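Colleague: As a plain string of letters, each chain reads:
Protein chains: 4
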Amino acid sequence: MFFASDNGAPVHPAVFAAMERANSGYALSYGNDPATEALRDRIRTVFEAPEAEVLLLTTGTAANALALSVLTPPWATTFCHRHAHIAEDECGAPEFFSGGAKLTLIDGPHGKIAPDALEQTIAQTGGSVHVAQRGALSLTNVTEAGTVYTTAELSALTAIAKAHGLPVHLDGARFANALAATGATPAEMSWRAGVDVLTLGGTKNGLLAAEAVVLFNPAQAWEAALRRKRAGHLNSKLRFVAAQFDAWFEADRWLDMARHANSMAARLARGLSALPGAEVVHPSHANIIFAQLPATAHTRAKASGAVYYQSDETLCRLVASWSTTGAEVDALLAAFAA
Amino acid sequence: MFFASDNGAPVHPAVFAAMERANSGYALSYGNDPATEALRDRIRTVFEAPEAEVLLLTTGTAANALALSVLTPPWATTFCHRHAHIAEDECGAPEFFSGGAKLTLIDGPHGKIAPDALEQTIAQTGGSVHVAQRGALSLTNVTEAGTVYTTAELSALTAIAKAHGLPVHLDGARFANALAATGATPAEMSWRAGVDVLTLGGTKNGLLAAEAVVLFNPAQAWEAALRRKRAGHLNSKLRFVAAQFDAWFEADRWLDMARHANSMAARLARGLSALPGAEVVHPSHANIIFAQLPATAHTRAKASGAVYYQSDETLCRLVASWSTTGAEVDALLAAFAA
Amino acid sequence: MFFASDNGAPVHPAVFAAMERANSGYALSYGNDPATEALRDRIRTVFEAPEAEVLLLTTGTAANALALSVLTPPWATTFCHRHAHIAEDECGAPEFFSGGAKLTLIDGPHGKIAPDALEQTIAQTGGSVHVAQRGALSLTNVTEAGTVYTTAELSALTAIAKAHGLPVHLDGARFANALAATGATPAEMSWRAGVDVLTLGGTKNGLLAAEAVVLFNPAQAWEAALRRKRAGHLNSKLRFVAAQFDAWFEADRWLDMARHANSMAARLARGLSALPGAEVVHPSHANIIFAQLPATAHTRAKASGAVYYQSDETLCRLVASWSTTGAEVDALLAAFAA
Amino acid sequence: MFFASDNGAPVHPAVFAAMERANSGYALSYGNDPATEALRDRIRTVFEAPEAEVLLLTTGTAANALALSVLTPPWATTFCHRHAHIAEDECGAPEFFSGGAKLTLIDGPHGKIAPDALEQTIAQTGGSVHVAQRGALSLTNVTEAGTVYTTAELSALTAIAKAHGLPVHLDGARFANALAATGATPAEMSWRAGVDVLTLGGTKNGLLAAEAVVLFNPAQAWEAALRRKRAGHLNSKLRFVAAQFDAWFEADRWLDMARHANSMAARLARGLSALPGAEVVHPSHANIIFAQLPATAHTRAKASGAVYYQSDETLCRLVASWSTTGAEVDALLAAFAA
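Chains as they are written, first to last, in this note's numbering: chain F, 1 to 338; chain Z, 1 to 338; chain L, 1 to 338; chain H, 1 to 338.
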């Protein structure tokens, strides 16, 4: 009964198989191998973006911070939700990579930025040499609250940024879960919705350590490549990161895993709704549930061996992954209920 | 016939086996799992350093830059060899991680810093608010020239640093090869020789992507942990990095692989010495050979499918790895000779 | 009728006289002259702090950012009011000097941080490697809203910081005005109230370009000196900055000028209170007034040649200086009223 | 007998007079005043560069580091002489302002970069993602050795940089002395010789604290303005910096002062050449002399009250300024000789 995070799940066996296939003989390092090049082409195809450039990394924090550093100079501020991962969970990585750029935190219900708040905040920013200048807009889908922006919602926000001439980053640590929740295509959820740079996260969805920064504007690729090297994120044996993504995209495994995780979270949400005293806090269509439960229910669940994070006596976060089983969900619900 | 770099070699099969064993069920992420903790204890034992702290990362550049950033403030300069990896091959990662600290480049034959040059350079550094202050000494073993410092040579250099109150970093991207070449123990080649922070490199010696920063002074561990996170180098599924090292240390596999690589390089050096017109440039006891060969020899070797780096028409670098075979060495020599 | 800012006022004539007296013959540069040393001793005496170290600079932004950089590592966050100068008016200087440390913005009425809000915010900060760590508390007196913390109010806030082990910075760009408003001594308004590092501002109170960073903890002086040089803020002819402060302290001129500015603002506030449709927004005991006035009143005042900043159609900021005259105040009031 | 540095000289009285004239009434701060604008126009005229942008600062270190930061990204290296001020005397300010860019140090006799060495060094730099990229060329005139580049020599070096697409910075801390030494016009010594950004130094030539960054490519002006503010170098009462330069340019006072300083140094050099055992080390046409003298000569001079820097027992640097008198020079020579 492990619901602490999707990055605590095991790696999908097909991923190891793909890496072992990649382990035959020698290959030039640092991405100068055919597998890394082939993966770039595959991602271009998946995203219907023949010009896109792709940089492979191994952590989402690095991918986000790298993406923002090519979009914002040190004297600008990135607009993001108050509870964005870049604001709350990366120990200042965006500030470090950008050379001290700021984050402007915008409130909004259920982890989403409200268009009015975005417009108003941008309008109040910049205008003189004394203040931080307008930088990028950074959105997250699936959000940290477990909610999902529709492509229409994304487009409404990116249109505001574009009207002010600002570039847009999408933190897609759970991009596959957002696709699975909405039925949108990768292109629809990214560049067609106004996204300039995407963090495409694999590690939370069955891979070992594989993230990609997808630059829909290839003009920034060389700068991004230098920044990646300089940050120590150019892994030498890159063919093994490429291999992970190969297994991911193979026969839409990435979407199958995400759909499964989402469905396990839905099963959990349905069960919680039926529990007296339990309340699901945010509307959720993906794989993260925030729920209020009586303290006694938590005590019972923990005693039964359930692993998950509590913010306080009653509020908790429950995350399903590609490997969560219906039996685990039911056992957790039973422990809460008993 | 791949002699371009030891990081172009495949991963040892035992490493995949260990990672797959680690892939059973769930584990807390970010190093809060028993495997990561057990590895730390194993490294403490291997190095006879019960207080040491260990941070796992996936690239050597990150490990070096992180190590230096805890040893030098932004206004200091790190003393290193002119051809050190941190100076020539990391695109300014040390400057980035440290917030702009300098490197002071010291010449010396065969990739080694001469004690006199070190003493003189340190003596000329610092002393007023207008200049860069004295920072750390950074040594590399195996050096970039493929030579190996003995523990006595290391101690002579670190003693000079210590006499000036300076901390010492050792870039051990090929630490195992240095141990194999000298017969020294891990402790003798590190803290007993005056090293404060070690980059322990696994990726160039059979692992997939595994490096460790070993802090013999544990007081700096929390700062290092924050810097690692902030740089995006706290991988979430850290149990798989730990598993790689487990396979490495198992039955001294790390030393066996290093000894094998060194012996293949020795076979190559012997063969080159017997070739008319060929010359081995640096004394080498490890797995890297720099050699001068007639341009025609290079043409033949490349035509035969040999892969390695040439600096100019005649000078080349040849690197052996754990997976290099005697047949490959002999085929290369034959191609050079024919 | 110039009420745009106290830094638009002329320099007090005595300041030029002092600088010209200092202009006799040669002097060692970079502060190695007797005048700079004598000023340091004078500031120690004025603040009853015989151990304090003093660094002279020429801008308040530099003084603030330098002060914070010695108090917070790059991975920490400084707690400050949402409208603090360091947050809103320095184009990210604190982030630049600190290497990317964050600011955590705390709300509070009338430009002041409420103790409860401070306690709660600190309590919610830090605790894991994923988040920004607790850094310094930065207070401002006179606040950006023109209000003044009493020494008791300051002490209540610094006590909270100290209870969490955090150092305290005071932005005293208008420190003299705060002293004049409260009657506190320099020591009472600084180290006795828990302040570790003070930005002592002279430029807004009659000097040409003179600020001092006063470090009550001298252990940080050398680091601060290196950071000052590295930021290009070690002026060579420092005797002329020292001379400005000499004229300032002479016969309590600094307090006289501040008292005068405060009294002119009080006269303005009294006049505004008597005007129909006018409202003074914040309680003010210093030299800054925020006021709501009918748009027509602003039109009339501007037409009469008044210079000041408007935030919107009705809200304005009016700043008095050492050189503001009663006649100017009355003329402005008349223009508003007419 | 003060020959320690030209920045230890007094301020020219006309400079104070100009500042006091500027001290009438109120003025908008931060350069939004007519005097600052008028000075910009004057510098455009002086340099025959109607598009140039001008940023005023108060230290040469800040001006140099700011200039370089707009010319080089963090992953590039600036090419400069091994003994350049930016390399040896600024405590890493260029690294700080640029976010960690490197300096590549080039040797060359008498403080000058040899064209061949520049070409060769640039050619060896860059080319892969692993290394620092080619950044700016930074030259210094008058050099740190007291020698002067002719405009032809400057052009030869900048042509090499331009051929590689690199921008050029000129550290003109003693720009007026270089003009006086060569008879070149300001335009000939800057943009016509291929300089993109000039540090125009006033402080070493009679001003109190006044430097200008002159951007001949105005496209970079806004970035430079933001960087200046962010570094705390946007002084509020900028009219007084402008006033200093007004006094400087008035009736070519800057050139008169520089010519005088140069002529005093020439008198000193002539005298030294006639002294038994004395040797002038570098050819000098400006205001700095490096000389070898017997240790006993130094002992006598110091005993006579002479102030200057010695590098070792015999080598010294002697700097003349606008206020050096012939009597002082002769007294120093007499002390050396006696």
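Heads up, some of the hints might be wrong.
Just so you know, same-sequence chains aren't split out, so a pair can sit in one copy or run between any two.
Cross-link-like lysine to aspartate or glutamate pairs, in silico, DMTMM-like; alpha carbons within 25 angstroms at most [claimed, not checked]: (1) K302 to E328; (2) K302 to D312; (3) K162 to E223; (4) K162 to E279; (5) K302 to E279; (6) K302 to E313; (7) K162 to D33; (8) K302 to E20; (9) K162 to E37.
Simulated from the structure, these hints should not be mistaken for lab results.
Computed from a predicted structure; not experimentally measured.
Colleague: Hints first: check each against the structure and report whether it holds.
Modeller: Taking the hints in turn, this is what the structure says about them:
no., hint, result
1, K302 to E328, "within (14 angstroms within a copy, 58 angstroms between copies)"
2, K302 to D312, "within (14 angstroms within a copy, 55 angstroms between copies)"
3, K162 to E223, "both (22 angstroms within a copy, 21 angstroms between copies)"
4, K162 to E279, "neither (38 angstroms within a copy, 40 angstroms between copies)"
5, K302 to E279, "within (18 angstroms within a copy, 58 angstroms between copies)"
6, K302 to E313, "within (13 angstroms within a copy, 58 angstroms between copies)"
7, K162 to D33, "neither (37 angstroms within a copy, 35 angstroms between copies)"
8, K302 to E20, "neither (38 angstroms within a copy, 28 angstroms between copies)"
9, K162 to E37, "neither (31 angstroms within a copy, 34 angstroms between copies)"
Violated hints, listed in ascending order, are 4, 7, 8, 9; each of the other numbered hints is respected by the structure.
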